[in-house]
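Trainee: On the provided structure of chain D, position chain H as indicated by the hints.
Going down the list, the sequences are from chains D and H.
Final position of the first sequence in the numbering used here is 388; the numbers increase by one with none missing.
Final position of the second sequence in the numbering used here is 123; the numbers increase by one with none missing.
These aren't lab readings, by the way, just hints derived from the structure by calculation.
Do not take every clue at face value.
In silico BS3-like cross-links for lysine-lysine, where the CA-CA straight-line distance does not exceed 27 Å [stated by the list, open to error]:
#1 K305(D) <-> K222(D)
#2 K377(D) <-> K274(D)
#3 K377(D) <-> K54(H)
#4 K54(H) <-> K223(D)
#5 K251(D) <-> K230(D)
#6 K222(D) <-> K54(H)
If we take Cβ atoms under 10 Å as the criterion, some of the chain D residues that face chain H in the derived model are [stated by the list, open to error]:
#7 I227
#8 L231
#9 F280
#10 W284
#11 C288
#12 K316
#13 V333
#14 I334
#15 D337
#16 N340
#17 I348
#18 T350
#19 S353
#20 R368
#21 K371
Every residue, glycine too, gets a C-beta built ideally from N, C-alpha and C.
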Amino acid sequence: MNTSSNKKHNNIRNKLTAILAMHLVGAFLATAAPLKEGDAFPDLHQFGLEGTVPDTHGKVVLVDFFASWCHPCQESFPAMEELYQHYAVKGLVIIAINLDKNKADMDDFLKSHPASFVILRDAGNKLVSQVKIPTMPSSFLLDRDGKVHAFHRGFKGDETRKQYTDEIEALLK
Amino acid sequence: MKIRLLLILPAAVGLLTGCVNVQPWERGNLADPAMDTGRAPLAGMMAEHMWFSREAASGGRGVGGGGCGCN
Numbered sequence: 216m217n218t219s220s221n222k223k224h225n226n227i228r229n230k231l232t233a234i235l236a237m238h239l240v241g242a243f244l245a246t247a248a249p250l251k252e253g254d255a256f257p258d259l260h261q262f263g264l265e266g267t268v269p270d271t272h273g274k275v276v277l278v279d280f281f282a283s284w285c286h287p288c289q290e291s292f293p294a295m296e297e298l299y300q301h302y303a304v305k306g307l308v309i310i311a312i313n314l315d316k317n318k319a320d321m322d323d324f325l326k327s328h329p330a331s332f333v334i335l336r337d338a339g340n341k342l343v344s345q346v347k348i349p350t351m352p353s354s355f356l357l358d359r360d361g362k363v364h365a366f367h368r369g370f371k372g373d374e375t376r377k378q379y380t381d382e383i384e385a386l387l388k
Numbered sequence: 053m054k055i056r057l058l059l060i061l062p063a064a065v066g067l068l069t070g071c072v073n074v075q076p077w078e079r080g081n082l083a084d085p086a087m088d089t090g091r092a093p094l095a096g097m098m099a100e101h102m103w104f105s106r107e108a109a110s111g112g113r114g115v116g117g118g119g120c121g122c123n
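Looking at chain D on its own, in the form it has when it is part of the complex (with noise of 0.2 Å):
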């Protein structure tokens, strides 16, 4: 094999290895992990949600993402009711943001799963997709400045409604 072909043998690796890191990097950037503790949660006004979008300046919000066909979220929905019904009155906001493709499932949803807190839906995916949350159901638990205090990755039953409660109650102090 002349020179000539190894060099254009080499140009065809290269253009493959070039095709292939820019999957890799796309693949990475597709999985980047969710905001972290600390970092401003997005305002919810820019977003388009179905829903009106409440005021939550100096309050403490539970942002919960949710889907009908979601097992664990129905399990979620009760807890954060009782949660709502026991805080709000100190300041507790619960925006409960529906992912589900058509809006009949949610509101079926909702029929069996009772809520007094605010629902919001996603239809576009723009905030969850900027969010990028990996798991369903996900919480982010936002302090008085509009901070994420703490990322719940699922719902774990009792686990959770603890991890919440004793959350809450130190941010509302």
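Mentor: Positioned in the frame of chain D, the structure of chain H alone reads:
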């Protein structure tokens, strides 16, 4: 060489872009009970036994077929 390059590049791009991460909030269809390959454990055991007896084939059925990957 150019022809080979023209064949390899689209194939590489096509194959590599086939690998996508299904985002956690897009797993509604995977969470459907119909996606569960182990819905009938008894039927599964019988099929496994039949394949082993007739074709000497076994294993390879340990991978989950569905689920929302929640929690």
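Trainee: Hint by hint, say whether it matches the structure.
Mentor: Tested hints:
1. K305(D) <-> K222(D): violated (72 Å)
2. K377(D) <-> K274(D): holds (20 Å)
3. K377(D) <-> K54(H): Violated, because 64 Å separates the two Cα atoms, which is more than 27 Å.
4. K54(H) <-> K223(D): Judged against 27 Å, a Cα distance of about 9 Å means the pair holds.
5. K251(D) <-> K230(D): Measuring from Cα to Cα gives roughly 36 Å; hence the hint is violated.
6. K222(D) <-> K54(H): holds (13 Å)
7. I227: Constraint on I227(D) satisfied, holds at 6 Å.
8. L231: At 6 Å from the nearest chain H Cβ, L231(D) passes the 10 Å test, so the hint holds.
9. F280: Cβ of F280(D) sits 7 Å from chain H, so the hint holds.
10. W284: Interface hint status for W284(D): holds (4 Å vs cutoff 10 Å).
11. C288: holds (8 Å)
12. K316: Cβ of K316(D) sits 6 Å from chain H, so the hint holds.
13. V333: At about 19 Å, which exceeds the 10 Å cut-off, the nearest Cβ of chain H leaves the hint on V333(D) violated.
14. I334: At about 16 Å, which exceeds the 10 Å cut-off, the nearest Cβ of chain H leaves the hint on I334(D) violated.
15. D337: This interface hint holds because 8 Å falls under the 10 Å limit.
16. N340: holds (6 Å)
17. I348: Given a least distance of 6 Å, the restraint on I348(D) holds.
18. T350: Since chain H brings a Cβ to about 5 Å from T350(D), closer than 10 Å, the hint holds.
19. S353: holds (8 Å)
20. R368: holds (8 Å)
21. K371: holds (7 Å)
In the structure shown, a violation is registered for the earlier hints numbered 1, 3, 5, 13 and 14, in ascending order.
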